[in-house]
Amino acid sequence: DAKTTQPNSMESNEEEPVHLPCNHSTISGTDYIHWYRQLPSQGPEYVIHGLTSNVNNRMASLAIAEDRKSSTLILHRATLRDAAVYYCILRDGVDDKIIFGKGTRLHILP
Amino acid sequence: EPEVTQTPSHQVTQMGQEVILRCVPISNHLYFYWYRQILGQKVEFLVSFYNNEISEKSEIFDDQFSVERPDGSNFTLKIRSTKLEDSAMYFCASSQTGGPTDTQYFGPGTRLTVL
Numbered sequence: 005d006a007k008t009t010q011p012n013s014m015e016s017n018e019e020e021p022v023h024l025p026c027n028h029s030t031i032s033g034t035d036y037i038h039w040y041r042q043l044p045s046q047g048p049e050y051v052i053h054g055l056t057s058n059v060n061n062r063m064a065s066l067a068i069a070e071d072r073k074s075s076t077l078i079l080h081r082a083t084l085r086d087a088a089v090y091y092c093i094l095r096d097g098v099d100d101k102i103i104f105g106k107g108t109r110l111h112i113l114p
Numbered sequence: 088e089p090e091v092t093q094t095p096s097h098q099v100t101q102m103g104q105e106v107i108l109r110c111v112p113i114s115n116h117l118y119f120y121w122y123r124q125i126l127g128q129k130v131e132f133l134v135s136f137y138n139n140e141i142s143e144k145s146e147i148f149d150d151q152f153s154v155e156r157p158d159g160s161n162f163t164l165k166i167r168s169t170k171l172e173d174s175a176m177y178f179c180a181s182s183q184t185g186g187p188t189d190t191q192y193f194g195p196g197t198r199l200t201v202l
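One line per chain: the protein sequences are A and B, in this order.
Going from the first sequence to this note's numbering is simple: count from 1 and add 4.
Going from the second sequence to this note's numbering is simple: count from 1 and add 87.
FYI, nobody ran anything at the bench for these hints, they're computed from the structure.
Any given hint might turn out to be false.
As the list claims (entries may be wrong) - Label pairs and their in silico Cβ distance ranges:
1) A:56 / B:151: 40 to 46 Å
2) A:71 / B:172: 40 to 46 Å
3) B:114 / A:84: 31 to 37 Å
4) A:70 / B:129: 29 to 35 Å
5) A:80 / B:202: 44 to 50 Å
6) B:90 / A:98: 26 to 32 Å
7) A:57 / B:129: 26 to 32 Å
8) A:98 / B:97: 31 to 37 Å
9) A:81 / B:184: 31 to 37 Å
10) B:170 / A:20: 24 to 30 Å
11) B:163 / A:20: 42 to 48 Å
12) A:67 / B:88: 24 to 30 Å
13) B:114 / A:56: 32 to 38 Å
Said to hold, decoys possible - Now the stretches of chain A that chain B is said to cover, found in silico as 3 or more residues with beta-carbon under 8 Å:
14) 20–29
15) 32–45
16) 95–102
Claimed, not checked - Just a sample of chain A residues kept apart from chain B, beta carbon distances all over 10 Å, derived:
17) 11
18) 82
19) 111
Using N, Cα and C, we set each Cβ at its ideal position, and we do this for glycine too.
Isolated chain B (complex conformation) (with noise of 0.2 Å):
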């Protein structure tokens, strides 16, 4: 069964650093997104990504995050300028049509460490 990868699985920096996560989504998806989870509290939605735009993105989506979709399988999450609070997991997904009956697949996350 096709499936969402990520990596790394768990990336060290120190703050003030960037960093870039990485995600192959499912194949012939055309909508991606990126999620967030810190320890012990709920996901939260980032930003959400179709026809090489952001569609959408919340209050947590600010300057210091980029989106990418750089060639026809990675999309990218860069983090500019690190901080603590951006220690968290992070979860890519993607899904084929959008919309209200769609099946967002998501990846096994990133754990990202900010020292």
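Pulled out of the complex, with its shape left as it was, chain A reads as follows (with noise of 0.2 Å):
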């Protein structure tokens, strides 16, 4: 799997967006974006992927650079409750298994 860096840990404050930046600049083409992320003592949990085109859902916005070499992912307004380890993740077509890395762990000041 294609690697990706993320700041080790970002602050932001309650009901204000946050952009969780991710590169990875060795991409290839056949490769998704995916958005895990690990609330305290509970399992990782889903949040959103894409391949060339932002996309939303109800949790998030994921915003892909035109040359896919970094994504960013927006908050659009931050609760307590979104105060997790925040992972970005590449996924080809040969792995069906998840490879995490360290991610950034998001702190919400109230």
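With the hints as a guide, dock the two chains, each given alone in a separate frame, to form the complex.
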């Protein structure tokens, strides 16, 4: 799996938007960009995924750079419940497994 | 909303003992996985299972580990002779179709403590 790079930690204020960056400069044309998150003491949870176009769902938005070498997960209005480790993951068509990195630990300030 | 369940939530065992961790995947899912997370470390892939056989396993998944789907609902991970370094959170996951666009749904985990 291609490597992703994320900041170790970020802070944001409650009720403000959060932009979580991810670099994946060695991404291949068939790699999908996935985001999962892990709330404290819980299993990982799917957030969103995309290939080339920006994506929106009820949890978040995913903005993908035109060259696909980076992406940004956007939480539009952070709540305390969004405090978690966020993982940016590349998945290709070869493996079903998910390779988790260290992710970004997001702290939400009340 | 359907969810993956795991039992027990916490298992304490003595080194050298056998443990079985149980999972009930989402009912119409066909792909099953085990991951583990040692305290403070990354989530690591152990094994994937499809069509009643292992489709992939990691280097961690040695001869001490085995998986089974004994009936239509349960998916188990057995560790034959536990070691201290097996202490970790073990997460079961399931997905519907596999592949790069599929979503894996994770259970809440079993915390295994080996003394």
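Taking each numbered hint in turn, which are not upheld by the structure, reported in ascending numerical order?
-> 10 and 14
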